[in-house]
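A.B. asks: Listed below are the residues making up each chain.
2 protein chains.
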Amino acid sequence: MSDANDFLKVAREAREAAALLGPLPRAPKDAALRVIADALVERSAEIIAANARDVERAGEGGTAETMIDRLRLDEGRVKAIAQAVREVAELPDPVGEVIRGGTLPNGLELRQLRVPLGVVGIIYEGRPNVTVDGAALCLKSGNAVLLRGSSSAFESNTALVKVMREALAGTEVPAGAVQLVPGVTRDSVKHLMRARGLVDVLIPRGGASLIQAVVEESTVPVIETGVGNCHVYVDAAADLDMALHILMNAKVQRPSVCNAAETVLVHADVAAEFLPRALAALAEAGVTVHGDERVAAFSDAVVPATEEDYRTEYISLDIAAAVVDSLDAAVAHIREYGSAHTDAIVTGSQAAARRFVARVDSAAVAVNASTRFTDGGEFGFGAEIGISTQKLHARGPMGLPELTSTKWVYTGEGHLRTAEGTVIAPSGS
Amino acid sequence: MSDANDFLKVAREAREAAALLGPLPRAPKDAALRVIADALVERSAEIIAANARDVERAGEGGTAETMIDRLRLDEGRVKAIAQAVREVAELPDPVGEVIRGGTLPNGLELRQLRVPLGVVGIIYEGRPNVTVDGAALCLKSGNAVLLRGSSSAFESNTALVKVMREALAGTEVPAGAVQLVPGVTRDSVKHLMRARGLVDVLIPRGGASLIQAVVEESTVPVIETGVGNCHVYVDAAADLDMALHILMNAKVQRPSVCNAAETVLVHADVAAEFLPRALAALAEAGVTVHGDERVAAFSDAVVPATEEDYRTEYISLDIAAAVVDSLDAAVAHIREYGSAHTDAIVTGSQAAARRFVARVDSAAVAVNASTRFTDGGEFGFGAEIGISTQKLHARGPMGLPELTSTKWVYTGEGHLRTAEGTVIAPSGS
Numbered sequence: 001m002s003d004a005n006d007f008l009k010v011a012r013e014a015r016e017a018a019a020l021l022g023p024l025p026r027a028p029k030d031a032a033l034r035v036i037a038d039a040l041v042e043r044s045a046e047i048i049a050a051n052a053r054d055v056e057r058a059g060e061g062g063t064a065e066t067m068i069d070r071l072r073l074d075e076g077r078v079k080a081i082a083q084a085v086r087e088v089a090e091l092p093d094p095v096g097e098v099i100r101g102g103t104l105p106n107g108l109e110l111r112q113l114r115v116p117l118g119v120v121g122i123i124y125e126g127r128p129n130v131t132v133d134g135a136a137l138c139l140k141s142g143n144a145v146l147l148r149g150s151s152s153a154f155e156s157n158t159a160l161v162k163v164m165r166e167a168l169a170g171t172e173v174p175a176g177a178v179q180l181v182p183g184v185t186r187d188s189v190k191h192l193m194r195a196r197g198l199v200d201v202l203i204p205r206g207g208a209s210l211i212q213a214v215v216e217e218s219t220v221p222v223i224e225t226g227v228g229n230c231h232v233y234v235d236a237a238a239d240l241d242m243a244l245h246i247l248m249n250a251k252v253q254r255p256s257v258c259n260a261a262e263t264v265l266v267h268a269d270v271a272a273e274f275l276p277r278a279l280a281a282l283a284e285a286g287v288t289v290h291g292d293e294r295v296a297a298f299s300d301a302v303v304p305a306t307e308e309d310y311r312t313e314y315i316s317l318d319i320a321a322a323v324v325d326s327l328d329a330a331v332a333h334i335r336e337y338g339s340a341h342t343d344a345i346v347t348g349s350q351a352a353a354r355r356f357v358a359r360v361d362s363a364a365v366a367v368n369a370s371t372r373f374t375d376g377g378e379f380g381f382g383a384e385i386g387i388s389t390q391k392l393h394a395r396g397p398m399g400l401p402e403l404t405s406t407k408w409v410y411t412g413e414g415h416l417r418t419a420e421g422t423v424i425a426p427s428g429s
Numbered sequence: 001m002s003d004a005n006d007f008l009k010v011a012r013e014a015r016e017a018a019a020l021l022g023p024l025p026r027a028p029k030d031a032a033l034r035v036i037a038d039a040l041v042e043r044s045a046e047i048i049a050a051n052a053r054d055v056e057r058a059g060e061g062g063t064a065e066t067m068i069d070r071l072r073l074d075e076g077r078v079k080a081i082a083q084a085v086r087e088v089a090e091l092p093d094p095v096g097e098v099i100r101g102g103t104l105p106n107g108l109e110l111r112q113l114r115v116p117l118g119v120v121g122i123i124y125e126g127r128p129n130v131t132v133d134g135a136a137l138c139l140k141s142g143n144a145v146l147l148r149g150s151s152s153a154f155e156s157n158t159a160l161v162k163v164m165r166e167a168l169a170g171t172e173v174p175a176g177a178v179q180l181v182p183g184v185t186r187d188s189v190k191h192l193m194r195a196r197g198l199v200d201v202l203i204p205r206g207g208a209s210l211i212q213a214v215v216e217e218s219t220v221p222v223i224e225t226g227v228g229n230c231h232v233y234v235d236a237a238a239d240l241d242m243a244l245h246i247l248m249n250a251k252v253q254r255p256s257v258c259n260a261a262e263t264v265l266v267h268a269d270v271a272a273e274f275l276p277r278a279l280a281a282l283a284e285a286g287v288t289v290h291g292d293e294r295v296a297a298f299s300d301a302v303v304p305a306t307e308e309d310y311r312t313e314y315i316s317l318d319i320a321a322a323v324v325d326s327l328d329a330a331v332a333h334i335r336e337y338g339s340a341h342t343d344a345i346v347t348g349s350q351a352a353a354r355r356f357v358a359r360v361d362s363a364a365v366a367v368n369a370s371t372r373f374t375d376g377g378e379f380g381f382g383a384e385i386g387i388s389t390q391k392l393h394a395r396g397p398m399g400l401p402e403l404t405s406t407k408w409v410y411t412g413e414g415h416l417r418t419a420e421g422t423v424i425a426p427s428g429s
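Respectively, the protein sequence lines represent chains C and S. Be aware that the first sequence starts at 1, since it is given in UniProt numbering, and climbs by one per residue. Be aware that the second sequence starts at 1, since it is given in UniProt numbering, and climbs by one per residue.
Some hints could be false.
[What the hints assert, rightly or not] Which residues of chain S face chain C? A few of them, derived with a C-beta cut under 7 Å, are:
1) TYR314
2) ILE315
3) ALA366
4) SER370
5) PHE373
6) GLY396
7) TYR410
8) HIS415
9) ARG417
10) GLU420
FYI, nobody ran anything at the bench for these hints, they're computed from the structure. Ideal Cβ positions, reconstructed from N, Cα and C, are used throughout, including at glycine.
Bound conformation, chain C alone:
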C-alpha cells in the first residue's frame, strides 16, 4: 500500500497547489511558464541524458525504431518543447472570462465566470513532449496537473518534471502544481482513476484500449479523446474532381492521425464515374481498399470488406468503401459505424449539405473540405490538449477554455428571497 500512500501524497499536494494557483491572475502564470521554458533549454543536457537511458532500455527491449524515434530527445527537440511553452504563455488566459451576465429584475448582479477545473489528471502513452505541453496548458488555465506517462519514457518524464518543478520554485506558481504520478505499474493508473474528490477530471490520451479501460473503471469524470473513424461521403451532386482531391487528402496526407479518413461512401448515381478514378488514385498512393461488392465491381484489387472493416480506425494506408443509395443511407452508415469524430460531405447541393450537417451526429462535420482540418491549431485555438469525441463538457478540439469550469457569482445589497418575491434587508449602518 505504500504505492497508494505515495499517490495520495502527491494528489493532496496537487490539490493544495491548485487552491493557490486558481486565483492567480495572468501575469505571474505567464512569467512562470517563461521561467520553465528557459530552464528546459538551460538544462537540456540533463534531460537528454535521462532520455538516453530510456532510449537505451527501449533498444535492449527490442522496441521498433519508429517508436524509439518518437521517444528520442535531442537539443533541437528540447528547444521546440520550450518554444511551445512560450507560445502557451502568449495565449489569452481563459480564467475569469465572463461568459454570461447581467442584472436580474430584482437588482442582483449575476455573472458566470470561467474558473479552473482544479486538478487535472493526464494519462498518456506518447512522446515526452506531452509531459511539458500538458503541464503548460494546465498551469496557464490555473489547474494543477497529475502526469502519468508511459513507463518507456519514465526517466525522461522524471527529468522534465524535476526541471519544471525546480523552475517553479522561484515563481509565484507553487511547484506542487506539477506532479508526476509515482510508480510505473498499472496500479498507479488505478489510483488516479479512483481519486474522486482529489482529481477533478481525467484525460486519457492514447490508443482505444487505454481510453476504453479508463472510461470503464474511472470514478473520476473522464474526457474521452481521439479515436477517429472519419468518413468522406461523395454525394450525387458532388463535384467529382473536388471529391477525389478531398478523399485523397483526407486519406493519405497523414494517415496516422485521428482526423484522417477511414471510410469512403459513394452515392450510387456517381459510383460508375467516381469509383474507377478513386480506386486508381488510391492504388497509386499505395492504399488498400476494403470494399463491398458494388465497389469491388470496379477493380479486382478491392479486398472484400467485413462489418469490422467499417468499424475500424486503420491509421494506416487502408480504407473501407461502400456504395450507398441515398444521402440518408450514408448518414445511417455513419451513425452506425462511425466514431463521431469528423465526417465530410462533398456536394454542390445546398439541400444535401444542410441535411447531412443536421443528421450526422459527430464532433465535427465538414462540407467540401478535408477531414484533416479538425484540429485545435487549424481552428485557431493556438494549443490543443486533445480532441474530445464525447458529448459532455467538450466536443471536438479542446483548447484552454475546455480546461475550465464555471462559477456563478451574484452580488446584492441584502437580497432576501420570500414567497412574495425579493425583499432587501434593512441595513444597520
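Since the structure of chain C is already known, use the hints to place chain S on it.
C.D. replies: Chain S alone, transformed into the frame defined by chain C:
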C-alpha cells in the same frame, strides 16, 4: 435476463427516436408539447385513478403522511403540471444556437452549434411531476428521455408516460422519444448505468446516497445534482443587521431545499456583537444550533458540534456554527467541509468580497445576498432540470442549454490541408 432485454428494447427505441427528433426545428417540438399539455388535462381522471392506487399502496405500507402528500395528484396538480409543459414550449430553443463562429484565415467558414445530447436518462425519487417536467425539458432540447422514477409512483408514472406517448402519436415528435424504464427493481437502475453508447448522460435527482451510487457505478457519463451544504460567512466588515436577515432567510425561509444554509461562520471580531443576536433569532425560529466552543460561549442552548455536523446537509431546522479568525479561515473551512453548491459572504468590504469570490470554489458564490437565489427560476432560465454540483459540462442551475452538446461545422470549397498550408482543390464543373 428478460428484464435486460426489455431495457435494451426501450433504450434502442429511444436512440432511434433521438435521431429523428434531433434535427426537428422549434415549431413542431413546441406544438407537440402543447398537445401533451392538452392531453394531460383531458385525461386527468385516468391519471388521478392510477395515482390513487399508488397512494393506497403507500398508505398500506405505512408511508408518512408528508410523503404521501408529495405523491398525491389531484385535478389542480395535474393542471399545474400541464401548465409547466406549456411554459417550456414558450422558452427559446437552445438547439442550433451558434456559440462561436467565424471565417478562418484560409477561408473555411467555422461554426460551433448547440445540438441535442441524444438520449438522457433521469433517475429520480421525487413527485410524479418530475416525470412530465423531465420529459418536456428533454423534448424541447431535442433529446429522447429514459425515465426511471421511484417504485412508489410506478402506477402514476406509467399513466403519465402513456398519456404523453399517445399524445405524441399525432405529432411530428416520435412517441419513442419518451420512455419509462421497465421494471421497478434496482436492476433497472443498473441497466441504465451500464448503457454506455445507448444513453448519452444520466442525471440522478434525489438523495445523496442515490447520487453516490450512480456516480460510483455508472459507465454512462453522470451529471451530479443537488447536495447543498451551503455556508453564510459573516465577515468582520459585515453590516450585522443585513447579516442577520440573510442568515435567517437562508436558513428558515425553506429549510428543506438544497440552497438553504447549513452552516454559519462568524469572524471573531464581530462574534461578540453578532452571535447573541443570531442565536436568539435562530432559537426564536426553532432552529437548533450545533456550535463550537466559541459559539457555545454565547448560549447554553448550543449543542456541541462534531466534525460530522460541519459536513452535514441537514435540510431541517438545524445549523452548524463556528467562529473563525479570518476570512481565509472561513474559506478553508468551506473548501474542507462544504459541498461546493452555494456559499455566501456578508461584508461591506470590497477587498473581502473579491478575495472570498476568488477563493471559494463553489458552483455559486453570493455576496450580500441569501443563498436561496441559486435557482434556475431566479436566474431567469425559465426551467431547471436540477442544480449541478460537479465541474464538468454544467455547474450550478441547469436550464435547457445545459441539456445540449455542441457540434463544429466547417464549410469550404475544396479545402485541402498540406504541410505548406491550405490548398483549394481544382474543381471540375
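A.B. asks: If you check each hint against the structure, which ones fail?
C.D. replies: 1, 2 and 10
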